[in-house]
Every structure is written in structure tokens, then in C-alpha cells.
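Q: I would like the entire structure built from these sequences, with the hints used as guidance.
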Amino acid sequence: MSRYRLHVNGERRVVDVPGDTPLLWALREQLGVLGPKYGCGVGACGACTSLVDGRAARPCVTAVADVAGRQVTTIEGLSADGDHPVQRAWLELDVAQCGYCQPGQIMSTVALLSRDPDPDDAAIDAALRDNVCRCGTYSRIRAAVRRAARLARGER
Amino acid sequence: MITRRGFLGGALVVSAPLVVPGLAAAAGPAELAPTVFVRLDGRGRITATVPRPDAGQGVRTVVALLVAEELVVDLADVRVEQAPGDTARYGSQVASGSRSARQLTEPMRTAAATARCLLVAAAAARWGVPVEECEARGGSVHHRDRRLPYGALVRDAAALDPASVPVALVPPQRWRLLGKTRAGRVDARDVVTGRARYGIDTRPRGALVAVVLRPPWIGARAGSVDDAAARAVPGVVAVVPLEPDAAGQGGVAVIARSTPEALRGREALRVTWHGGTPAADSRRWLDELEAALPAPAAAPGPVAFEATYRLPLLAHAPMEPMNATAHLTATGLAVWAPVQDPGGLRTELARRTGLAEADVRVETALSGGAFGRRLDTDVVLEAVACSRAAGAPVSVQWTRDDDMRHDSYRPMSVHRLSAVVDGSGLPTWRAHAVATWPLTIAPQIPPEIIKLSGDQFRYTVPGPVDLAVLPAPIRTGFWRSVYAGHFQYAEELFLGALGQRSGVDQVDLRRRLLPPGSRLRRALDAAVERAGATPPGALRGVACHEDFGSVCAVVADRAGGRVRRVVAAVDVGQVLHPSGVRAQVEGGVMDAVSTVFGAQITVRDGRVVQSSFRDYAWLRIDRAPEVDVVLVPSDAPVGGLGELAFPPAAAALAVGSGHELTGMPLGVEIG
Ligand code: FES
Ligand code: FES
Numbered sequence: 001m002s003r004y005r006l007h008v009n010g011e012r013r014v015v016d017v018p019g020d021t022p023l024l025w026a027l028r029e030q031l032g033v034l035g036p037k038y039g040c041g042v043g044a045c046g047a048c049t050s051l052v053d054g055r056a057a058r059p060c061v062t063a064v065a066d067v068a069g070r071q072v073t074t075i076e077g078l079s080a081d082g083d084h085p086v087q088r089a090w091l092e093l094d095v096a097q098c099g100y101c102q103p104g105q106i107m108s109t110v111a112l113l114s115r116d117p118d119p120d121d122a123a124i125d126a127a128l129r130d131n132v133c134r135c136g137t138y139s140r141i142r143a144a145v146r147r148a149a150r151l152a153r154g155e156r
Numbered sequence: 001m002i003t004r005r006g007f008l009g010g011a012l013v014v015s016a017p018l019v020v021p022g023l024a025a026a027a028g029p030a031e032l033a034p035t036v037f038v039r040l041d042g043r044g045r046i047t048a049t050v051p052r053p054d055a056g057q058g059v060r061t062v063v064a065l066l067v068a069e070e071l072v073v074d075l076a077d078v079r080v081e082q083a084p085g086d087t088a089r090y091g092s093q094v095a096s097g098s099r100s101a102r103q104l105t106e107p108m109r110t111a112a113a114t115a116r117c118l119l120v121a122a123a124a125a126r127w128g129v130p131v132e133e134c135e136a137r138g139g140s141v142h143h144r145d146r147r148l149p150y151g152a153l154v155r156d157a158a159a160l161d162p163a164s165v166p167v168a169l170v171p172p173q174r175w176r177l178l179g180k181t182r183a184g185r186v187d188a189r190d191v192v193t194g195r196a197r198y199g200i201d202t203r204p205r206g207a208l209v210a211v212v213l214r215p216p217w218i219g220a221r222a223g224s225v226d227d228a229a230a231r232a233v234p235g236v237v238a239v240v241p242l243e244p245d246a247a248g249q250g251g252v253a254v255i256a257r258s259t260p261e262a263l264r265g266r267e268a269l270r271v272t273w274h275g276g277t278p279a280a281d282s283r284r285w286l287d288e289l290e291a292a293l294p295a296p297a298a299a300p301g302p303v304a305f306e307a308t309y310r311l312p313l314l315a316h317a318p319m320e321p322m323n324a325t326a327h328l329t330a331t332g333l334a335v336w337a338p339v340q341d342p343g344g345l346r347t348e349l350a351r352r353t354g355l356a357e358a359d360v361r362v363e364t365a366l367s368g369g370a371f372g373r374r375l376d377t378d379v380v381l382e383a384v385a386c387s388r389a390a391g392a393p394v395s396v397q398w399t400r401d402d403d404m405r406h407d408s409y410r411p412m413s414v415h416r417l418s419a420v421v422d423g424s425g426l427p428t429w430r431a432h433a434v435a436t437w438p439l440t441i442a443p444q445i446p447p448e449i450i451k452l453s454g455d456q457f458r459y460t461v462p463g464p465v466d467l468a469v470l471p472a473p474i475r476t477g478f479w480r481s482v483y484a485g486h487f488q489y490a491e492e493l494f495l496g497a498l499g500q501r502s503g504v505d506q507v508d509l510r511r512r513l514l515p516p517g518s519r520l521r522r523a524l525d526a527a528v529e530r531a532g533a534t535p536p537g538a539l540r541g542v543a544c545h546e547d548f549g550s551v552c553a554v555v556a557d558r559a560g561g562r563v564r565r566v567v568a569a570v571d572v573g574q575v576l577h578p579s580g581v582r583a584q585v586e587g588g589v590m591d592a593v594s595t596v597f598g599a600q601i602t603v604r605d606g607r608v609v610q611s612s613f614r615d616y617a618w619l620r621i622d623r624a625p626e627v628d629v630v631l632v633p634s635d636a637p638v639g640g641l642g643e644l645a646f647p648p649a650a651a652a653l654a655v656g657s658g659h660e661l662t663g664m665p666l667g668v669e670i671g
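Residue numbers (the UniProt record's numbering), protein chains in the order written: chain W, 1 to 156; chain P, 1 to 671.
No lab work stands behind these hints, which were simulated from the structure alone.
Quick caveat: nothing in here was measured; it's all calculated off a predicted structure.
Among the hints, erroneous ones may be present.
To be verified - Computed footprint of chain P on chain W; a stretch qualifies when at least three of its residues, placed anywhere within it, have a C-beta under 8 Å from a C-beta of chain P:
id	segment
1	5 to 17
2	20 to 27
3	34 to 43
4	62 to 76
5	132 to 145
Every residue, glycine too, gets a C-beta built ideally from N, C-alpha and C.
A: Listed below in C-alpha cells is the structure:
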């Protein structure tokens, strides 16, 4: 066991786990940060997607030791009221069915829009193709990404 | 009972008492609760209790809308609470068969309307005016320019004899919300903020985590277990053999303080296995089914066309892998789990543990998808066995690999159809021979019931459906649309192939064979109208389906090697939550794209080959079509929905694929 200092959603947190422990389990079971979901544990579904230093990452295949001192942002770190532009777009279009994949979809979208404020279909596909939605909300996700881009630019 | 706030917004720890006797505590001094489904407290706050689980199909939203409509308040004014398993109190709690909305509409409306009528009667009595002059709206009862908020009337209303107050439902023509609202689902904000709590997020204080080393081939049983290394892994607390049937699917559980520790322990476990079917191969299973097809029925004329379709195993693969938490003590059992039938589960657990039902508590978490998988109780039985062994609450967590390889799969099937046709190439008779397996998780379903899925054929083409049911060589269960997804998919494939062979347009063919004036015929017309002319260079597939008191017609256009646009026209009777209706249809269409174009489960050397979304080729956003859902106006009663769109969408996609129609999936080896 070792102690690792993490920055999670703007707060300093300490976890006491072996360094190769996947960040996902440290977040969920040590810190009670439950927004990032376990869907596969092997980086193949996107349910856990969160940001590390602003870029999309898969906490299920990211070792705690590798994020010590870096900024980790989970879905909880967007807006507790749901008024981040991506959250607002998701609400407007009523994207979620079961909702389980959506924290990951939303975080992938946040990362995309921070790189590319006006993504075309190909950019949306590239950014989200590794986020599975078993309920099949893809057409709403696509519409919501476009809507979020407009909201983020301050358009109506 | 877990409230919506506590359930969805709470922390990881569930601190409710472990064993709750029987019913909830008696109502407090000021509470109006005409039935178990609706109550108002002394401040007029409205709570709707949802007896059936929500796995994304939106039943929580539908219930909230029904209650808000009848109590003449906004959707946001209704709190939603998930009922624990208790069929004596809530009636059937099973979320399956596309039944939830159909069966809950009347009880929910009646409960809320009763509350409203009692509130109005109480207000009228308070003012000494006739009931007819009073009106409930916006959380108050109004009379001319005075008003009393519901909260101020709750005590009086609760004291009235409900039998003395006539109850009138809000007539559908006056609905403000139902069928009209643009609101999203009630849990949407919790989802986008990460506050939504699923089964996997629900852990009682002190809970341990178990993962299970599962049989490496179908039916294998654990022999010798060398757990020395596993027990030496830091955090591992116990290693527990699980008996198949008594404790789920069998295997060896590693119980630890946390999931990664349990996983490390499982890796260190050494087990020898015996028995089972190490040589099982799903290609051979298809051959066996084909060989078992019933002999062709005697045709009334020369058979002009015959086709054979082979359908694969499919996994449910809900986004949230299987999990359950149980705490068994000497006096009671508490279970927290994403399940599809909490009431039935409670009864089963009481029977299996010898406890009284009153001492078994089943709390239903939100499910990250279900699709029929969570009707199976295997994971819950594992959790109970682990809790018994550990003497503590235990959460059993399946990995994705476990989930994919140890499902209760959609059965394989083989279909042979033959037709007699007239001079214009239209079928005048068709026969449908089917060979498939039963559902091993529901052995009570006999072949006669399975065969009913053959009777859903709505075209005016007579002919027999003959069925052979072979013993299932692997666990099988309910998968969205169940056998309609086999029988009616095959029928539509065959019709499509017939049309292609005769050069009859797919729409014309169906128009000529559907009863004129039927709901399906209207839905087909609506779909075709919305779809417009086939885009240049596109391939178009069409299919229809009727089930659960609803109908669906699908037009699918494919161009440039992928499905571009799918129009699905549905008549689902009265529409309650428009966005939710569209969502279920969209989901069925996406399942169809996934399964027609690649996803299947195969078995080689006794083992399921696929282990994650890498090799179970489920649809991703880059191949997802645009889906246009047309809601056909309808006076029919509320119909079923969740399983309606998959069969016709799959058939339309297949018929319009340009591939040879071999079954499912297309363009690859099946099985
Ligand atoms: S759980 Fe991390 S990608 Fe699937
Ligand atoms: S909404 Fe259920 S998996 Fe995406």
C-alpha cells in the first residue's frame, strides 16, 4: 500500500492503495465518487470516462500511481445543478434511457468540445465511437453534442 | 422504503435498518394515501410509489406523469419513490412483456384522482359550497377567487370516507401532460450530474465485495480448489465455493474488502474443473436445430419458394454488469439489486432461505439496462451465498467478461419457410417450420406458449406454423421481444425475399397482404409517407409487426454501405410520455442495427468466445442511423412498447441490406 495524493474535482484527496490499482476503483470505493461507471474494466466501453488534466481518459485502465498530482475531473466535477452546456444539452434532448453510459458520453463530449468547439459528424464519431450505449441513444447523443456546442458558444 | 432523494442522491452507504418488518410504518397524523401508490403529506407534497423497476424504459417518468395529470400539478411537483419487493402490497412488480405502463395506467390514475376528489370534497365542505363549484389545479383547490392549498386539506380529506366521494378521472381530451409534455425523464438531472444511483452504487456499511471464478466451459463444476495464494492477497477475506443452482451458476467466489483486491485474489486462485460440455460448438447446435425442423406441411399447391434462416445466440450485455448485494443474518435477509422482478425475487428468496417473506427485504436499484437479463436471479443467489459464508453484507460484482460469457442467452433458432404464390408473385399460402430451445430460466413456459409467437403474423396469408423444441445446451432467457424476435423476424425476411424474387415492391407487397383499414396498414402508410421517395442509390427495406396491443411499421434506407435513416411509425394506443415512446423505439432500432450487422455470441470448445464490447460487435455511434419515429394518432388503450420495434426494425434492415438473407447476422458466418 502507498498513499497517493489526487486532485479530484478540484479537491485534494488521498488514497491508500497499491499504485497499480485502477483509478476507477479508487474513485468509487475509496473516495465514494460514483459518477464514473464500471462497464468493462478493460477500456472497451467508455462508461468510466473522466478527464485527466482536461483530456478524456479511462479510469478503469489508468493506474492511481499515474495520476498522482494530476487533475482528475469526473461527471460530478461539471456542475452539480446540471447547468454545464453539455449537461443542459443532454437534458434538453432527453438523451438518457437507463443513463448508465451517459456520464462517460458526457465527459467524452466535454473533452471533444474543449479541443474542437464546432465538431462535424466525423469529429463526433471519432470522439465518441468508443463510448458504447447499450440502450441505443446514439441519435440523441449526436444531436446533443451539436446542441452543446451551440450552447457553449453562447448561442441559443 | 428508500425515497427518491435518498436513493438517487444519497451516498454510497445505505444506512436503512437491515430488516424492516412487513409494511411501512402506519401513516402519520396528516397524510392522504388513497392507495399504496400515491400519498400527500401535511405540506401537500406528493409522492408516487413506483412498483416496477426502471431499467431505462421510463416507467418512473410515466408514473409521475399519470399522478401529476390527475392531481393537476406539474411533473416537478411529484416525487418518485421506488417500491421495495412486496407483491402482497403492490401487486405484480415484474418489468417485462412491455407491460409496465399498460398495467399501471389505471391504478395510478385512479389513486391520484381519488386523492384529488377527496381534496376537493374537503375544500367544498370547509367552504360550505357544492363540490361542482370547486376545482383542483396547481396544488390548490379553488372556489371563485379563494383557494386552499392541498396541504391544508390533507387532514380533512384523509378523514373522509373514500366510498362517499365519486371519483372522476381527467378525460384524455383534457390531458395537459400525458401525450403532450415535452418533459424528459424524471431521473435525467440525476444522470447528467452523476447522482443517479444504480445497483452497483448501492453498498451497505461494511459491505465486502465478491468476484467469482466461473466455469471455464459450459456446465463445468469446480473440483479441487487451491486457494492459498488467493487468501494471501492483501484484502482477501474468504474464498467460497458456490454450488450451481443453489447459488447461481456455480464457481468459486473470492470475497475481499474491495473490488480490485477481489480481482487480484481471483487471479491467484487455482481450481480444477470437471464435467460439462468442453467440446460444445454453436455451429453444431445450429446444425442440430436444422436437422430437427418439423417436416414440411402439406402445401395446397406447388411450393414456389423456400428459404432457411439461422439465428444466433445473443447476449443481453446490459451496460451495468450484473451485480447484487445481500446481507443475510439469523433473522432476516436484505437485498439491494438491479432486478426486473423485485416482488417475485422476494418470494423466491423466502422459499430458498426458509425465511418468512416479511423477513426478506428487496430494494430495487435503478438498472443500467436489463433487456430481460435481470429476470434471472443467479447473481442475487450468489450474493446471498457469499453473505452467508462471510457473515457480512457482500456485493457480488460480475466483470464484463463474466457478464458476456455467463448470460442467459437469447436462444438460437432455425426457420424454414415455404410459399405457394399466385401469378403476380404474391403468396397465397405459407408454412413456417421452427426449431429452437426453451428458456432455461423459465422452464414453466411450454412449447405451446412459445408457438404463440407464430400467431402474431398479421398478413392475410394462411398456413401452418410448426415448432420443434430441443433441450437447450446453454442457459437461455428472455431477450427483448423474446420469441417474436425469432418468429416474426423470419416471417418478414421471407416476405421480403419473396418480393425481391417476384419483383414486387416491398411496400406494395405488404399493402396488398395487410387487412385494409387495419392499424398496421395505417402505420405502414404513415411510415412510407414520412420516409418519402427512396433516395437515389439507396436500398430500402420494409417490415411490420404487431404485439402488446401496439403496431409498428419500419422503413429503412441504406446507402454507401451503412444504414442512413430508419423511419418507424408506431401506434401504441394512447401515448403517455412522448419522448419515452420515441426512446424505446429508437433503442429497438439500434438493437436491430447491432444484431443484423454483426453482433452475435458464438461458442467454441465449450466456451463463449466474446468477452467484451470489443468482440461482441455492438453498434457504436459512427454506424448509428438517424431514426425518425412517427407517432400514429390512436384511440386504442395504452399499448406495450419496449419490445415492439426490434423485430420489424431488424427485418427491414435485413431486407434492405443487399446481403443474401441467411438469418442473423448477415454477411458473416452464423453461429
Ligand atoms: S469501464 Fe472503463 S472503458 Fe469500460
Ligand atoms: S442510456 Fe443505457 S447504456 Fe446508454
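Q: If a hint holds in the structure, say so; if it doesn't, say that too.
A: Status of each hint after checking the structure:
1. 5 to 17: violated (count 1)
2. 20 to 27: Result for this restraint: holds, n = 3.
3. 34 to 43: Coverage by chain P holds here, the residue count being 9 at a Cβ distance below 8 Å.
4. 62 to 76: holds (count 3)
5. 132 to 145: Contact hint for the segment 132 to 145 of chain W vs chain P: holds, 11 residues under 8 Å.
Consistency with the previously given hints fails for number 1 only.
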